[in-house]
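Make the full structure from the sequences, and use the hints.
These protein sequence lines are chains A and B, in that order.
Every letter in the first sequence is one number past the one before it in numbering that gives the first Met the number 0, and letter 81, counting from 1, is 80.
Every letter in the second sequence is one number past the one before it in numbering that gives the first Met the number 0, and letter 373, counting from 1, is 372.
Note that these hints are calculated values from the structure, not bench results.
Just to be clear, a hint being listed does not mean it is correct.
Copies of the same chain look alike in the list, so a pair counts if it works inside one copy or between any two.
[To be verified] Derived pair list, reagent style BS3-like, types lysine-lysine, alpha-carbon separation capped at 25 Å:
| id | residue 1 | residue 2 |
| --- | --- | --- |
| 1 | Lys-181 | Lys-223 |
| 2 | Lys-181 | Lys-637 |
| 3 | Lys-349 | Lys-135 |
| 4 | Lys-322 | Lys-223 |
| 5 | Lys-288 | Lys-135 |
| 6 | Lys-67 | Lys-556 |
| 7 | Lys-301 | Lys-251 |
| 8 | Lys-555 | Lys-67 |
| 9 | Lys-637 | Lys-507 |
| 10 | Lys-555 | Lys-544 |
| 11 | Lys-507 | Lys-67 |
| 12 | Lys-401 | Lys-349 |
| 13 | Lys-301 | Lys-349 |
| 14 | Lys-322 | Lys-288 |
| 15 | Lys-408 | Lys-286 |
| 16 | Lys-279 | Lys-135 |
| 17 | Lys-408 | Lys-349 |
| 18 | Lys-637 | Lys-345 |
| 19 | Lys-408 | Lys-251 |
Protein chains: 2
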Amino acid sequence: MEPRKLFHELVDLREALRRIFEYVHPAPVGVEEVETSRALGRVLAEDVYAPIDYPPFDRSEVDGYAVKSASLVGAEEWNPVELRVVGSVGVGEEPRVEVVDGTAVEIATGAAMPRGADAVVMEEFCERRNGFVIVKRSVVPRENVHIAGTDIARGSLVLSRGTRIGFGEVAVLTALGIGSVKVFRKPRIAVFSTGNELVEPGEPLSRVGLVYDVNRFSVSSFLKSLGADPHPMGVLPDDVDVVAERVDEACKRFDMVVVSGGTSAGLGDVVYRALERLGKILFHGLKTKPGKPTLAAVVNSKLVLALPGFPFSAMCIALHLLKPVVEAMMGLATVEEPGVRATLVKRVWKPIDRSLFLPVVIKERGAEALAYPLPFRSGSVSPLILADGIALLEERSDYVDKGSRITVKLLRRPSRMLVVGSNDIALNTVLRDCGVLPLARVVSVGSTEGLRALAEGVADVAPTHLLDEETGVYNTPFLERMGLRGRAVLVKGWRRRLVLAYAPGNPKNIRGFEDLLREDVLFVNRNRGSGTRVFIDAQLRSLAKRLGMEFRELVKKVRGYELELPTHTAVAAAIAHGRADAGVCVEAAAAMYGLSYVELGWEEYDFAVSTDSLDNPAVRRFLEYLRDRGALRSSLSKFVGYEPHPRSGEVVWP
Amino acid sequence: MEPRKLFHELVDLREALRRIFEYVHPAPVGVEEVETSRALGRVLAEDVYAPIDYPPFDRSEVDGYAVKSASLVGAEEWNPVELRVVGSVGVGEEPRVEVVDGTAVEIATGAAMPRGADAVVMEEFCERRNGFVIVKRSVVPRENVHIAGTDIARGSLVLSRGTRIGFGEVAVLTALGIGSVKVFRKPRIAVFSTGNELVEPGEPLSRVGLVYDVNRFSVSSFLKSLGADPHPMGVLPDDVDVVAERVDEACKRFDMVVVSGGTSAGLGDVVYRALERLGKILFHGLKTKPGKPTLAAVVNSKLVLALPGFPFSAMCIALHLLKPVVEAMMGLATVEEPGVRATLVKRVWKPIDRSLFLPVVIKERGAEALAYPLPFRSGSVSPLILADGIALLEERSDYVDKGSRITVKLLRRPSRMLVVGSNDIALNTVLRDCGVLPLARVVSVGSTEGLRALAEGVADVAPTHLLDEETGVYNTPFLERMGLRGRAVLVKGWRRRLVLAYAPGNPKNIRGFEDLLREDVLFVNRNRGSGTRVFIDAQLRSLAKRLGMEFRELVKKVRGYELELPTHTAVAAAIAHGRADAGVCVEAAAAMYGLSYVELGWEEYDFAVSTDSLDNPAVRRFLEYLRDRGALRSSLSKFVGYEPHPRSGEVVWP
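In structure tokens:
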């Protein structure tokens with residue numbers, strides 16, 4: 000193994016951009032002419048002056064009669080004026096008759112005004128009789144006439160270089176008769192991934208340690224969505240010579256090169272060494288979290304940007320560093336996106352010397368936007384589909400307080416129904432079946448944290464399954480304690496069976512909780528705050544009582560009690576992969592991983608619903624579905640050990 | 000000419016949509032499988048369940064040493080613990096050693112955890128010595144370890160049918176190893192324009208009455224931006240038989256047909272007659288303004304939507320009626336866009352029985368969004384590039400009051416610098432030259448209205464050239480009268496020469512304003528509120544004084560005094576096209592149209608700037624440019640009769 004290389008001086012995002020712009024001068028890479036009809040999404044490389052007036056001639060805006068307004072002075076319902084109709088002008092026709100006092104010309108919407116006429120009277124106010132028209136209204140000069148050049152004047156600067164061409168720009172260009180435009184050539188960008196661990200999606204992961212390649216595809220898709228021309232180039236091996244050779248070659252063929260992975264300061268920092276050999280390193284390491292292992296270099300006057308390997312980290316840097324560079328290369332006269340201002344609803348801790356990319360979901364409450372931080376780790380990928388946006392929390396503080404106003408770069412439109420709370424395998428399926436899944440966002444943080452999010456006004460719905468040990472009652476005691484009376488109702492959800500799961504065939508002969516005290520049994524626990532953890536502790540407490548022990552004393556004897564996993568499936572997976580011998584999870588998770596188990600009983604999985612959200616159409620549809628016993632049973636039947644509660648969908652509290 | 004056909008019962012937008020959904024059932028037209036790497040922008044046709052856990056195995060989140068957390072209990076800076084390093088795991092490697100008490104395994108970010116280890120200590124807290132590592136910190140179980148399946152659990156519903164695939168979805172799909180996905184086939188939509196008046200962009204307009212085809216290109220671009228597959232089909236002639244034949248054929252080959260033009264109830268309602276022959280008319284005529292001549296029919300169970308011919312009208316209907324239908328055909332699980340809530344800053348009149356599509360520009364003032372209505376006519380095309388969005392003002396009121404909250408569908412990001420006021424030929428060029436044009440939006444409404452927009456807090460800058468007749472002073476008296484002291488400053492702009500223009504060679508022998516009293520001279524005036532109109536009236540007033548006449552009496556003798564045009568170029572164009580004999584405009588406009596003229600004097604074109612906007616970077620850059628005499632002179636030199644003012648860029652009031 001090669002020696003480790005630590006990061007050089009870390010730089011902040013602003014300094015990183017400054018160095019890139021100073022040394023690489025990202026700028027358009029060429030100009031080409033395209034037909035206006037094919038120009039959508041392209042960036043104008045020229046200023047466009049109107050070659051003609053628009054409208055090109057005085058034209059009627061209505062169907063009616065072109066007149067001299069002076070002819071109709073005083074015309075009214077009870078004092079109509081009769082004009083002789085001396086001709087007509089249809090759309091596209093060149094007017095051949097002239098209007099004089101006492102005459103009119105029939106005219107269609109969009110037709111050119113005949114000489115002499117200065118107004119059009121709408122046909123609603125006219126009655127045609129033989130060769131005459133009886134007009135029951137006067138008109139003012141220019142009434143219903145669109146004068147040539149008043150919308151766009153010939154010679155005026157209509158669209159400027161750097162404008163992205165949308166359908167509106169296509170409309171204006173074609174209206175002015177401009178059949179083709181000069182646009183900037185799309186920058187061609189080579190996109191590599193790096194690492195021997197990467198497997199092509201669609202192929203199997205043949206052993207532990209391998210992961211699928213993500214960044215080559217997500218970064219290319221991101222570049223394409225910006226309007227650039229990405230070329231996914233394949234995976235580079237962890238080999239400095241090969242990386243150097245292929246990046247060097249790509250720098251000759253493309254306008255820019257993006258690499259990801261292989262940039263960490265740890266084992267095998269191949270990209271750094273390859274780029275150091277090929278050109279000048281601009282920076283190595285960013286003062287951001289995630290995103291530290293980012294690296295930029297100039298090779299043959301081309302920018303090589305090396306992104307972190309973790310997909311979420313890579314996309315954070317792509318959004319904040321790659322995007323402005325690519326937009327400059329596209330020639331886009333960017334108006335920096337201001338982002339959405341939102342109020343952070345819980346304190347967020349961060350490293351004091353680094354800025355933090357924080358994925359959030361947004362809840363709009365009246366005029367206010369609330370930002371709820373998504374739980375994430377640097378290796379997470381789910382924030383890329385769950386987050387409504389990413390906030391960049393600046394350096395020089397070790398936390399950002401609840402109530403702070405933060406700026407969020409939006410990734411997608413905020414959801415209509417925000418579900419924050421306990422994780423459940425069947426929840427997304429039920430939401431899908433009742434048709435609200437596309438409108439909803441589900442954030443799994445555990446029951447207790449979900450109730451807190453509801454109290455903060457962020458969550459519309461908080462799934463919860465907290466068992467009050469003293470009373471044996473689910474959920475309501477907790478809602479009372481959190482002061483949610485009047486602010487939330489509790490709606491019965493469904494029941495799911497908890498099991499004590501162990502390896503298939505039960506090689507360690509586990510029969511119940513007392514076996515967790517054995518030296519040879521490694522337990523895996525659930526996280527504090529989760530309903531299942533409350534259930535586990537209740538079981539252990541009653542076991543302690545039976546054995547005449549203190550609870551504290553007893554749990555010390557449970558090996559692995561301190562090993563907390565956050566979801567049912569994580570528990571089942573840990574047992575299936577041999578990392579633990581026993582754990583408590585829902586039957587459906589145990590069944591999915593082919594585990595053996597003993598049944599422990601039914602747990603009640605309910606929904607606290609904010610009273611503010613009771614008239615939210617998506618929430619209403621969901622609650623109606625819960626009350627439809629047949630439909631709910633059919634959704635739940637896909638999961639072993641799930642069934643409706645006798646009161647599913649009913650408000651059971653307060 | 001065929002007889003006119005009036006509209007049948009008009010329907011509102013909601014009813015129009017209801018009928019389309021009832022009779023056509025817009026729905027996805029098929030499913031196809033695409034590689035995930037090429038799926039950007041497509042719509043998922045299947046629910047995607049996670050085939051594997053993510054992360055697929057427990058992995059280290061940092062570079063460091065995998066340990067048993069129990070081995071490091073109590074480890075501190077002054078009480079380090081020494082562990083024997085028994086191996087290493089790189090990224091992509093399958094761990095082959097097990098960690099037991101007292102040992103550690105070197106591990107890289109992203110590498111799989113070796114058996115026995117339950118945490119990773121970061122290398123920052125370690126010191127390597129020969130075969131040992133000295134650790135100066137304890138770790139809690141799971142510290143720096145990302146547990147398999149905790150980000151995405153195997154078997155969970157990750158993405159649902161109807162989701163648009165963005166780069167985030169590509170990331171998640173590839174992370175889960177999903178190499179291809181089922182997506183809905185893009186609906187193939189034939190797009191026709193109709194009308195003998197239409198000319199291809201790029202060709203010349205050979206005579207009066209002809210206009211360029213716009214809708215075929217703008218509607219196709221719009222459909223493409225939605226993600227559909229538009230096929231621009233050409234222009235249909237005003238011939239019922241041909242229209243019927245080609246639409247019928249297109250209904251067989253495509254999933255939907257969009258036609259535009261030829262739908263007015265006036266002369267030549269060919270599309271209506273063709274569709275009546277081919278199938279069932281769903282509605283003919285919408286209660287919207289613009290957009291009334293809209294028509295839908297079912298032909299061979301395919302929808303044929305006929306849009307109005309005017310480009311802005313067509314796009315309003317495309318946005319509000321075509322879009323939801325196409326999105327349903329794309330299988331998109333749409334979250335209806337809520338639009339932006341904004342405060343209307345001036346009263347808008349509308350027909351009581353029709354809803355109004357109102358193009359607006361948006362000014363963000365703190366948390367508030369102000370909506371300023373753009374002046375437009377049904378035949379305008381410029382709102383499609385000027386408007387930040389379109390508000391739909393509902394029926395059943397004949398006006399919407401100033402201060403009302405309205406909902407705006409955004410077309411583009413609001414500008415950074417909103418310029419509302421007097422029109423000037425050189426303004427866009429100066430803004431372009433100082434680099435703020437892409438950040439700015441210029442709305443031409445005349446000086447007086449511009450100052451009002453500034454008083455309302457909407458305009459950052461209001462170009463103005465109002466001459467106070469009594470004092471002969473430009474602009475400042477008007478700012479005083481409007482109470483703008485303390486709320487705005489006046490910055491000197493530039494000077495431009497006004498001329499009395501007439502036909503080339505001066506065939507009517509016009510020498511000055513007294514010639515406007517002649518019977519054979521047709522004058523063309525400027526609109527009330529414009530600075531030039533104030534100038535004209537001042538000239539006529541002094542002429543009246545000289546002749547010993549009343550002003551009112553005098554202007555009655557000026558033929559065409561009541562004919563108002565809104566811009567300098569419109570005046571010049573009217574004279575060039577023989578619609579008038581004389582008019583007042585800037586020299587540059589007269590020169591552009593090759594007119595002859597007499598010089599009248601210099602006009603001062605200044606800029607009222609809101610004090611709130613003085614620290615707006617775009618505004619600052621503009622004001623700096625005005626002070627740079629050489630740069631400004633160079634920009635203005637492109638226009639005849641333009642020059643800097645001796646005090647250009649200086650604050651001259653208050």
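#### Entry: Violated hints, by number in ascending order, as checked against the structure
Of the numbered hints, 9, 13, 16, 18, 19 do not hold.
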